[in-house]
Amino acid sequence: MNKKIIKYIVIAVGVLLGVYFSYLQINTKDNLARIIFFDIGQGDAILIITPEKEKILIDGGPGNVLITKIGKYLPFYNPYIDLMILTHAHDDHVSGLNEVLRRYKVGMILYPGNIQYYAPSYLNLLNIIDENELNLTTTKAGDIYNFSSSRLEILYPFVVYSGEEVDDVNDTSVVARYCYIEICVLLTGDAPVVVEEEIIASGQNIKAKVLKMAHHGSQYSNSEEWLLAVNPETAIIQSGEGNSFNHPHLRILKRLKRLGINILRNDILGEIIVKTDGLNYWIN
Amino acid sequence: MKQKFIIICSIGFILGIVVASIFKIAIIWVVLLLVIPLLIIFWSNKKILFIVLVIFSLFVGYIRFIYSLPVNTEQNINYYNNESGLEWKDMRSILFRGRINQEIDKRIDHNKIIINSEEIFIDEEWKYVKGLVLAKAALYPEYEHGDELEIDCKLIKPSPIEGFAYDDYLSRYDIYSLCYSPRIKLISRIDGFNLKNYILKFKDQVHYTIQRNILEPESSVLSAMLLARRRDIPSTIVEDFSRTGVSHLLAISGMHIAIISLLIVRLLSVFSLPKKISYSGTLLFLFLYIFMIGFPASAVRAGIMGAIVLIAEYFGRINKCYFALLLVAIITLLINPKLIVYDIGWQLSFLAVLSLIFFSEDMEKLFCRMPKLFGIKAILQTTLAAQILTLPWLIYKFGQISLVFPIANILLLPALPLIMSLSVITIIITFIFPILATPLYWIIWNLIHKQIEVISWLSSFSNAAMQISKVPIIYIMFVYIMIILFKIKPRKSVMN
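As you go down the protein sequences, you meet chains A and B in turn.
The first sequence: position 110 = 110 (my numbering), numbered continuously.
Whatever position you read off the second sequence (first residue = 1), add 1000 for my numbering.
These are calculated hints, taken from the structure and not from any lab test.
Just so you know, not all the hints are guaranteed correct.
[Unchecked claim] Derived CB-CB ranges, DEER-like: (1) B:Thr1236 - A:Glu52: 50 to 58 Å; (2) A:Asn243 - B:Arg1092: 24 to 32 Å; (3) A:Ser148 - B:Phe1461: 39 to 47 Å; (4) A:Leu253 - B:Ile1401: 41 to 49 Å.
[To be verified] Straight-line distance between alpha carbons at most 30 Å, and here's what the computed DSS-like set of lysine-lysine pairs gives: (5) B:Lys1450 - A:Lys7; (6) A:Lys4 - B:Lys1365; (7) A:Lys69 - B:Lys1365; (8) B:Lys1450 - A:Lys29; (9) B:Lys1201 - A:Lys72.
Backbone N, C-alpha and C define an ideal beta-carbon position, used for all residues, glycine too.
For reference, chain B alone in the conformation it holds in the complex (with noise of 0.2 Å):
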């Protein structure tokens, strides 16, 4: 009953988010003063307090959504953006200094500075000012994470490009600034020791380990595949992956974590080490990795929601664990709200590991008679199971099916752990002795680059992958019912 209760109101706050970001109003205040009264009166009504409790757990959703949204005062960075629709030359630009605060993105023809302003230059005195300022600057020279700058440029709004709702995409990032073209002074370098900057450094040197070892394109595969970072994959590449089904090779979610995970486990299991050891060492080698790239905040998410499959896996309960999967969800939404709205990374992410949890153990009665062939029944299987929940969802935000994603990540899928645990080990080895390593990155290179071969020979039929068109919600929402039903109705058989 308590568990019951607790995960009803975890769905009421996470409704609450989702209606908030629909409405985006803020005269739920009015109706939480009117819940608040009801919640004293009905506190010994245990039903009708029920009934409160979820509504109230709603309006908190609801309430920590508004509070996510931007404000647009003189303190803000995003007061002084310029008015949409203006021409280039109207715009009037403005000087502002902040601190490089997270990661640069290097792309092929530009970097991508995200800047914490601290003051802006306004009627000839610096004042105080916050907010996030995304930056596309040069290549060169370049900057680094810590550096104080001092920019003039054009401040614009973010607003959708091509259909892909680019504004949606930053404000999870909570930017509200964009800024082309910016003139940019180096003030001051971080001295002394900053942990963010010196974890920053080694994934720079891990990820310079790759590139100087690696050559392209299988080099930037690698990098999206160990690092998260998807800077320079050729276009073509891309879009091979994504119509093979593939994707999520490309990207750290929890998905991928997940299936790495548990395929990790299968592999040392077949060269029969204690179960206790293999779990273990698969968790250990999780850690790692995830401190080797810096502490993302989408990757530690993601490890966590690998290590829950992974230990409720051990425990032989997978089937039990969406509580812990649950609480993930409400943590991170609590800090971030705008994941479940606008994160496809975090959607896919929950609803991959929630599919892995709820259709485990029917893909293994489903697959009962098929012999083991090296692990690939394994594959087949959690492939299949995290696909499930994913499926419709991808199908909603993408309008595209892969028809060969089955053959895709059966093909692909086994030698993922393979070239992501060797990767790591290859790379240890590099810093410590880099004699030893290199014949191991040319076993690499090969790995990737047969998957880039396969890849490209899968996408080239023609009916690779079917273009929809945009389905609505409801149907959506359908599919998602008659899967819950399905899911619901054996149990039942059983009680009865």
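This is chain A alone, in the form it adopts within the complex (with noise of 0.2 Å):
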């Protein structure tokens, strides 16, 4: 009788310890905007953790890798991402995401617009959303999504596109400021020089003291006008291993480091998290 009672006394209060360890797991808050930038590959992939946990994700790269990376940032018992942008439809960006729409719920969703595209991936995520019938929106340059305590600005592009044939389809990326008080965080897809130029032309305020290198260090996107526009003191090359385009191009490497820019790459540094408390920030 005496050693039941231990024995499920035992029991209770490995039970109860189990409880508060995962209450203590949940609720950590320490006011930190955390932004992860995947080690996916030749892709982008872009987490956004404000310091309220809600979740921007920012494209998904190529295959599905994403959805293995992902899951460690999100918590185990409500994996729901608030907003999500695919900024076009390349399969480097689009592929990933399939998956984590298939899986996850997903509050909005946010694409430059329809164009002509023929990508399986990128059909098989309209076909997923139109399916779902989920938060399909557009979105273009002057579009402010306010979380609790940051602010997301989308800065291109300036037209919607619906249905539209494209010579380049890099030119319809979305191009977006992340900012948390103080600190922002420059995300801009692929666009090249041409969008580069129209987004300086425009006199919006980029602003930025990380950006993420547009079409992963590629010399046609990252002019110096840009990078002194934008002034970072960190850029980020998101960037796979040994990969057949020769990104990041050396030039372009050349030039941050001439600008006295911090070089981060995911081909070399694997994952790389950047947290900011709105003041200072850090990197991982």
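Now that you have both chains on their own, put them together as the hints suggest.
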């Protein structure tokens, strides 16, 4: 009898401790925003976690790698993504979003509008959105999405696409700036130099401490004028190890060095996490 | 006498297959023609008849294997393979039609589709062709089992990849043609009722339920444990599992199922249920489970082996059921003789169950003084018993010995039957009343999460696993003979 009681007490204490530690795990509030640049090979995938744990996912990278990496950052009891942005229709930005949409709930999906582009992964994504009647919205420069204590501003494109044919899909890239108090991160998709010039000419505030280099550090993006206008301290390059496009381009790396900008590359460092309390930022 | 005779003939049959896989020549027909007259002549002499019958069964095994080798005629798709050694651009493409006749293996950056070819476009006309083709297709668009496809691609013969005998591995599935970056056109989809299609769709639904409710990587680990779908487990985790000697958790094998069924029975006995109920409950659970994962051949085999161990234990004669095991082995080998030579899953299942049969009692004697410790003793006993015959083979095949495997198994195995049964129950609840299932998924997630943490912690020790160079088969054979001798010897002494 006595033994039985001890047994039950041990079990009960174990369960309570388990619950307590799980609770601690869930409730870690530190007033930091985190921007995670996933190491998913040749492609883009960025997850922003606001201080209030709202989640913004920008692009999904190639294949299905993202789904295996994002799990770590979502709470096991509620894997919900508040906002998903598809910057443009290329496979190395779209593919991984398919699996995320198939599995987890997503509050709103932003994209630059429909274009005539017949890549299977893009069509499949639109199909999933259509079948599940998800909230897909077009976005353009000037749109601002407010979160509890931070915000996301859309800087490009200037028009909303609605089924037209485009010469270069990269020209449709959504360019967005995420700001938490004073620290801003500029996310550029694959925007080429033409787009950079248009954004500068539009006179929007594009200053940012951290810049995600456009098009995996391609030489057809990231012009000197652009870098000077953004004036970042840190540049992050999302490119895959040994990719066939020679990204990032040597000339761009030299340009960054010359301008004294700190270079962080996913293909060298793996996953990169930028943490900020709104006044300072750190890199993990 | 009769029993012994059947056992020896079965071993002869198995040996015949192994010999055939080494020599792969068909002159044996001639020898067989000599054996049959001998059989007739010596029908009355028992001793010689015995020897002749053993030789006869050896040849049956030999011929069964030779018969399973690929044929290379115009009617076989592998006839159209490009010659090996050609540059990619020099290879010729071929247009063929066929149906997807197996589960699609969805990988992280591509899908593996097995197509049963039906027609090939040669000389401006469609001609009959047969045989399987493994196509490496893009992730999207998605196809499903039963789809009829028209495929344009360059066929090549499988070849070993970095020391892994990929060609042998595929040959056990009867695949002799590979097709990279195919252009695929969907011709038709199954309409109407098709049992296999229906079961696979159900399995997909189960898989999807797991994926939606449990995060990665825990979700893919559970899918591997439960559904035998090892699709997107990160390679670091797979490596950790193998370094700590618990890879068997990520597959459905006879070993896995036998251990799990024994553990579930012992778990149920903790609740002091009657023996009858706990054993039949476990059997029912086994059946439900194999139904849920869509009756893949490997799981059916594993399930039968598990059931054998379970039934034998119920009657308290775990050491007497090798006869049933041998029967399962012979039947599966008659269906596919390549299993014993090329399928490590089959080999390990067979060895593990054999091991459980032979050494369970010895282990019980060895551990008779140890207290029960909430079933930890039973787990230790069962895992160690299963390791005796599988370990030498694992070392031979992988050249890696895990030094922490007893610890890893003791730490992980107790939770396994809990995870498996809880998951099956939770999935059933999800289909009926989803809200109730949610907290159960949290528990499952936490259990698997802790398992992964423990494994990566154990694997982080620099000497968790010992890498050794290839051990010659002679040594392994010697070890097995020693084990067998050890096993036989005590019995004789009892007799004396």
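How the hints compare with the structure:
no. : hint                             : verdict
1   : B:Thr1236 - A:Glu52: 50 to 58 Å  : violated (31 Å)
2   : A:Asn243 - B:Arg1092: 24 to 32 Å : holds (30 Å)
3   : A:Ser148 - B:Phe1461: 39 to 47 Å : holds (44 Å)
4   : A:Leu253 - B:Ile1401: 41 to 49 Å : holds (45 Å)
5   : B:Lys1450 - A:Lys7               : holds (23 Å)
6   : A:Lys4 - B:Lys1365               : holds (28 Å)
7   : A:Lys69 - B:Lys1365              : violated (47 Å)
8   : B:Lys1450 - A:Lys29              : holds (23 Å)
9   : B:Lys1201 - A:Lys72              : holds (29 Å)
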